[in-house]
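First to last, the protein sequences are chains A and B.
For the first sequence, the UniProt record's numbering gives the first residue as 1, with consecutive numbering after it.
For the second sequence, the UniProt record's numbering gives the first residue as 1, with consecutive numbering after it.
The set of hints was computed from the structure by calculation and includes no laboratory data.
Ideal placement from N, C-alpha and C gives every residue a C-beta, glycine not left out.
Check before you lean on any hint, since a few could be wrong.
Said to hold, decoys possible - Reference listing, derived: stretches of chain B covered by chain A, where coverage requires no fewer than 3 residues with Cβ under 8 Å from a Cβ of chain A:
1) 38 to 47
2) 283 to 293
Stated by the list, open to error - 20 Å max Cα-Cα, derived SDA-like pairs, lysine to any residue:
3) K2(B) / L39(A)
4) K2(A) / L39(B)
5) K2(B) / D52(A)
6) K326(A) / K113(A)
7) K75(B) / N47(B)
8) K57(B) / E74(A)
9) K80(A) / K113(A)
10) K333(A) / P86(B)
11) K57(A) / K333(A)
12) K2(B) / T114(A)
13) K352(B) / A341(B)
14) K2(B) / A288(B)
15) K57(A) / N325(B)
16) K326(A) / D59(B)
17) K326(A) / L39(B)
18) K2(B) / G327(A)
19) K326(B) / L39(A)
20) K2(A) / G327(B)
21) K2(A) / E311(B)
22) K352(B) / R329(B)
23) K2(B) / I310(A)
24) K2(A) / K2(B)
25) K57(B) / K80(A)
26) K113(A) / C85(A)
27) K2(A) / Q222(B)
28) K326(A) / A23(B)
29) K2(A) / P86(B)
30) K57(A) / G38(B)
31) K2(B) / K80(A)
32) K326(A) / M1(B)
33) K2(B) / L314(A)
34) K57(A) / N338(B)
35) K150(B) / V133(B)
36) K2(A) / V133(B)
37) K229(B) / K352(B)
38) K2(A) / A288(B)
39) K57(B) / L39(A)
2 protein chains.
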Amino acid sequence: MKIGVLGAGQLGRMLALAGYPLAKDFVFYDMSGSPSAGLGETIVDRNGEQLDNFLSKVDRVTYEFEHLPVDVAEKLAQHKPVHPCPRALQVCQNREAEKTLFGQLGIPTPEWKTADSAESLKAAAEALGCPVVAKSITEGYDGKGQAVLKSPEEAEAAWASIGHPRVIVEKFVNFSREVSLIAVRSEDGDVAFYPIAENTHHEGILRYSIAPAPGLPAHVQQDAERYIKALLNELEYVGVLTLELFETENGLVANEMAPRVHNSGHWTIEGAMTSQFENHIRAVSGHALGNVEARGLSCMINIIGEHGDIERILELPYAHVHLYNKGERAGRKLGHINILADSYEELVWRVKNCAQFLPGSPDFTCSLTAKA
Amino acid sequence: MKIGVLGAGQLGRMLALAGYPLAKDFVFYDMSGSPSAGLGETIVDRNGEQLDNFLSKVDRVTYEFEHLPVDVAEKLAQHKPVHPCPRALQVCQNREAEKTLFGQLGIPTPEWKTADSAESLKAAAEALGCPVVAKSITEGYDGKGQAVLKSPEEAEAAWASIGHPRVIVEKFVNFSREVSLIAVRSEDGDVAFYPIAENTHHEGILRYSIAPAPGLPAHVQQDAERYIKALLNELEYVGVLTLELFETENGLVANEMAPRVHNSGHWTIEGAMTSQFENHIRAVSGHALGNVEARGLSCMINIIGEHGDIERILELPYAHVHLYNKGERAGRKLGHINILADSYEELVWRVKNCAQFLPGSPDFTCSLTAKA
């Protein structure tokens, strides 16, 4: 079976590495002009002229990023199965549609309103109570197209800085930590959930993911599973879906979803019985889902901007190195390292020991180090 | 770094799958006319006309099989590092040289003699005491070019059936089981040893490998490590080396070595902290070796001849499927399945449960089932 992947970055690369052992072949369709997957055939097509050619080569289609034109996905879906479905893309590309769907399915979100002028943004900020964060309804990620308002008086400047005709305004959530749940649904409707991961961001970029999230009550995992299952079934979703959440005193609050394998699930390569990549390929190909149980405790460290001293990291007996074969550039994801351990204490020590060889890495902080 | 692999079968494929995450690229050089690696550039060259082209594309060279011309390896080694060294190939291609080296290094072997005529074969059989096995000095594997003599009188027929000008004659070893040790040596001379695996063959083809080998005394593992370390250092070897041995009442007896990653080490993909494939790539590339510790208990089941009911196997929560994307053919290695468990009892049950979906598989027997 030949799987067509829209996008040709590191996620596509890791999908292929997981798919070859299941006898899948891969064709990547790259719209960026700078594919980096580095294995499998790649069609570079910035003008959309090669879609028919791409379609003719593949049996099924999936994608590695959600910022692709929905009409392209819909056109492809008329000819070959496209998983996840184009509707999932549509929902993810519009924060208002996403939050509305969350609400319909009983998934808690921050209080939110929309605004389509500086005046209505000010009114929304007043109604919700500052601080609030305003985000363009569409486009923008990793902190772009966003502004924080500490008081309603900042509405005019925020509106100008965002520069979009419509924004969503969210009340700040007082959270103890950021977590994510990765789930997968098969063509037959079977669903499986990985243990929730705890995520640490720095300058808007994910730096560390620990899984299973330390000290997470079982009922919190179950709440998150109920939320994501509602999404999976409502969308008749096939493949891996990620739900980012805040943990608060009053339970989980959903931030956003990503219709794909996710950086906060890279720990599953060595840290789970079946990786998120293999499970996505299994689902997209119509196979049974693989076992999502954790194998011990894991922490993923992202390699951002520069590679650091990889030779030293390769000497660490508990570190698994995953490089994307990309050139160094500030803020760029170049690879990740999965650290394994049998206790959280050991895990924290090992992560700190490894991170010292990654000069761009912020100090390791998580709920464990905060307690220590 | 671009690694050139001589050979383009499933071993090369798995080397590449392990090497991409270390930012390696791959070029395969195929002399068979039927490459199956299926990823990376492949140069098909049955007449040796593309060697310069191959060399110009790669930084380092390794190989996935030992039956390639030594002069080709030597020629390549004049221009680029070739790991393991051509001398390792030379030794492995000549059973007399191999057994002689074993003897020089204090590695026990079956009693053996050589013969270069039907008459000297008869004399050797008489001197050693039948049964003996006669094998052509060069070429032949998986039981080809061999004959068993139950009495010296069978010498003439055996000589004719082998049809080689020189044979090695070995006294039968009364062994309790077949085992193998996989070790790896880095450019710096560091050495690491995987736990010994217990191997079950059927019709001359490996069917099952269990690791760590159940009930193996620590001193037996240490003996094997001493033997293979002597080989690694004598050959100034870089990469993975496999030593096949018989376990007997009087300790280990060496059968043969293979200068490459080995079918009896496929369990390491999920069953060890670092797979044999990654460790070979690390060694060949000049990196530090990875951790060779086992992660629980493993059994590898080969998929031979036909694929069986892979869909059912994908449903088993403890099975890891590795397919080589090759067409079915009697006796052909099509893939393997790694089964994981926390106890040998559970492992045996799981292996039997999985093997029922592989119609070509012989009943699972090993030292554990013999005791049960």
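Need the list of violated hint numbers for this structure, in ascending order. Going through the list in order, the structure violates hints 5, 6, 8, 9, 10, 11, 12, 22, 24, 25, 26, 27, 29, 31, 34, 36, 37, 38 and respects the others.
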